[in-house]
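Protein chains: 2
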Amino acid sequence: MKKYFLSACYFLLTGFLFSQNNDSITCRKIANEILNNGKCYSWLDYLSNKVGGRLAGSPQAAAAVEYTYQIMKTVADTTYLQPCMVPHWVRGDKEVAKIISSKTGEQKVPIFALGGSIATPDAGISAEVVEVHNFDELKKLGKAGVQGKIVFYNRPFDETEINTFGAYGKAVDQRWAGPSEAAKYGAVGTVVRSMTNAIDDNPHTGGMGYKDSIPKVPCCAISTKGANLLSTWLKNDPKLKFYFKMNCQTLPDEKSYNVVGEIKGTEHPEEIIVIGGHLDSWDVGHGAQDDGAGCVQSIEILRAFKALGIKPKRTIRAVMFMNEENGGRGGSKYAELAKLNKEKHIAAMESDAGGFTPRGLSIDATSDKKEKILKWKNIFMPYGVYDFSANGGGADIDALKDQGSVLIGLYPDSQRYFDYHHTATDTFDKVNKRELELGAAAMTMMVYLISEYGL
Amino acid sequence: MKKYFLSACYFLLTGFLFSQNNDSITCRKIANEILNNGKCYSWLDYLSNKVGGRLAGSPQAAAAVEYTYQIMKTVADTTYLQPCMVPHWVRGDKEVAKIISSKTGEQKVPIFALGGSIATPDAGISAEVVEVHNFDELKKLGKAGVQGKIVFYNRPFDETEINTFGAYGKAVDQRWAGPSEAAKYGAVGTVVRSMTNAIDDNPHTGGMGYKDSIPKVPCCAISTKGANLLSTWLKNDPKLKFYFKMNCQTLPDEKSYNVVGEIKGTEHPEEIIVIGGHLDSWDVGHGAQDDGAGCVQSIEILRAFKALGIKPKRTIRAVMFMNEENGGRGGSKYAELAKLNKEKHIAAMESDAGGFTPRGLSIDATSDKKEKILKWKNIFMPYGVYDFSANGGGADIDALKDQGSVLIGLYPDSQRYFDYHHTATDTFDKVNKRELELGAAAMTMMVYLISEYGL
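Residue numbers (my numbering), protein chains in the order written: chain A, 1 to 455; chain B, 1 to 455.
These are computed hints drawn from the structure, not numbers from a lab.
Please note that a few of the clues may not be correct.
In silico DMTMM-like pairs for lysine to aspartate or glutamate, Cα to Cα no more than 20 Å straight-line [as the list claims (entries may be wrong)]:
hint, chain 1, residue 1, chain 2, residue 2
1, B, K39, A, E161
2, A, K39, B, E254
3, B, K225, B, E106
Quick list of the computed label-pair ranges, beta carbon to beta carbon [claimed, not checked]:
hint, chain 1, residue 1, chain 2, residue 2, range
4, A, K377, B, A390, 51 to 61 Å
5, B, N49, A, N228, 16 to 26 Å
6, A, K370, B, K377, 20 to 30 Å
Here a beta-carbon is modelled for each residue, glycine too, at the ideal position from N, C-alpha and C.
With the hints as constraints, model all of the structure from the sequences given.
Structure follows, in structure tokens:
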């Protein structure tokens, strides 16, 4: 009996090793195809340099839909659009800001309106400034300390967070919730230190959310050098004034689209693996790293399957999600339609952390499914993709979890991401061709393995 | 007995875990200190932007010696210079090159003389071109196919090498040995495709070695776009001519120095851990990634020990090696003096692969010593430093192996290194502060562990 058992074990083991070996060979072919013949870098060149920044509702967003629809058609069996209504916020004229001190003089500083902010009055706002580092400090100041003033949130990134997304997570409440928190106590506006490790002159815009019951106040992000200057001047002259002028506005919702392309599975076409990035970006840069990279990587996956003649057993669908940055309407619409059409998503993967060298994949799955995925870990090691410890998917796919889908996120090196995130320097030249391609390769390998074996 | 054995095991295990835990805490302090208060980035700013490219024997190399001597004095117990004679090659006027075709016309192309090359005659050289991809092809062509011509080496980087140093290793024979190999068959000059994955207009210089018994011919590197153009034009017009003009020359050897700073060990001062980078760089850029990064990281290690008040049990010595790029005289001199003075180097670590995010440390050691080092692996994991599989040290420290030293190399992400290596774009803006600091932190942690426990 023991002998048979051992034989069976041997058979199972060699079978496992044999398939792992075959999978390794296929994954090597995938990596080679993308590194030798990848198109994602040139697609990103177009998306960044010809289309440019593409905030939801803008003509550039419409151009990005058209462009990715056309390239999707060259690699997918089926390509289609999913209409959805999106918010349409416009920045207007270039913002102006300065610090005015009777002691130190006047100094212009670089700001960007936060996405969704209301405008200042035409003449701008000028008021005294109160600097805080968190909402507790704000609360302690109360109405007496805040009323009629501009609240300046100046808590910096925690440099000791090795993954910069950790630092972002610990600081971003100031940007997102700061305006309404300050308005509670009668603030007339807010200025937030830019969400970045870098000390430079680039302000970083980003989303914020007004609370319904609280008056809306104009809010902007100031560059880190500007924030340091304002803080220093404030110590010297607590009565100085900050002036800013913005004429951004929210227009009526616009019609836009998710762009979808798919390759039908040969054995289990009803089981869907969705991969994607978000097609919209902030308007101030070109959205190259955030998230043109994730979009073109997702289309590259389909291209690699086609180029290698791999017919996936399960359906692979690439989606360019619209409006992640200031509404998430594309992701919501996708999940809504998936539910309505009773689609079975077995896995959803998003790349929205930049096209930097991949270091791992984050996974949000039940323990049995996670275990299955982790058995493939060794296949990824030769490509420097070693870390599967994080838990998480991506903003556009998270809603699919409730529909039973495993969520996966590409986890690239994070050190440079917040140098460019939501700022004017998020341009094509910040993307390295090989880093982008290696990310696409890691994603394709995982999609291939899931399409072969299911979850 | 079993009980006692288990108790002993438990004791040993908890002792081990306790020390690992303490070491993890110290290493966290090291990382935090460098990420919060690191000076290496601002030192590199000076070395790149104020000193600039610093080829051995140049005034800039002398300025770099002076600058690093001064900063070393602020962090080391003892600072001194090690004199050595270095080659002194100068590039001269900006090189000129063009392709001249009776069919397609004339086109200027970007080249750099290879370091050590002789000049062309004053009027330049103009000759027909023969394109080859390896020395076998050259041999097959023989004298009949090569005599009087310019040999154009055009084997590109293998894009499928995940670590770009692998691609470099497979291509660099064309640059290093190409001139003499071609001259064997009567070539009048050589042009080599730049050693890079990038397709752009930047030629990459680098070292070459003439063989003694073979006539010297002028040799240059052409940008990858230039190489692609030359190859395309050649297919159309095999009789086209390549013209190039260079007036580089080798002057008499100059006196230069390694810069050395050390912190004496408290318990085993005679056991030395040496860390370093090379202070010289090519002249065409600012030597920021190659290897200003490795130099400032090495000094940062001493700074971190001082700032944290850690008194190392073994002696830690940082060395700015001179002349790695075109002679290696500094490294040789260091090893020669170490032997002469009967110094005991237990470990030598070099950072000469760029200041990118660290991914691991390469180790060249006997299996028992390697095993000891690998026991510390988990301490590095939270910092994304996971790969200890490579074998190797660095050009300036390899000679210490014969003296019994373990060799260690910082192994950073390699994707962008050859975009900048030996070219005019190797400037300070290509270095990310956090990536540089994380590399320094990983090195400091390893130095700390070796200084505590020996090898």
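Against the structure, the hints:
For the hint linking B/K39 to A/E161, the alpha-carbon distance of about 18 Å falls within 20 Å, and the restraint holds. Annotation: proposed proximity of A/K39 to B/E254 is violated, straight-line Cα distance about 50 Å (limit 20 Å). Taking the CA atoms of B/K225 and B/E106, the gap is near 15 Å; set against the 20 Å cutoff, the hint holds. The beta-carbon spacing between A/K377 and B/A390, approximately 19 Å, falls outside the hinted interval of 51 to 61 Å.
In this structure the supplied range 16 to 26 Å holds for B/N49 paired with A/N228, their Cβ-Cβ distance being about 21 Å. Our hint of 20 to 30 Å for A/K370 and B/K377 holds, since their Cβ atoms are close to 23 Å apart.
Checked against the numbered hints given earlier, the structure breaks hints 2, 4 and satisfies all the rest.
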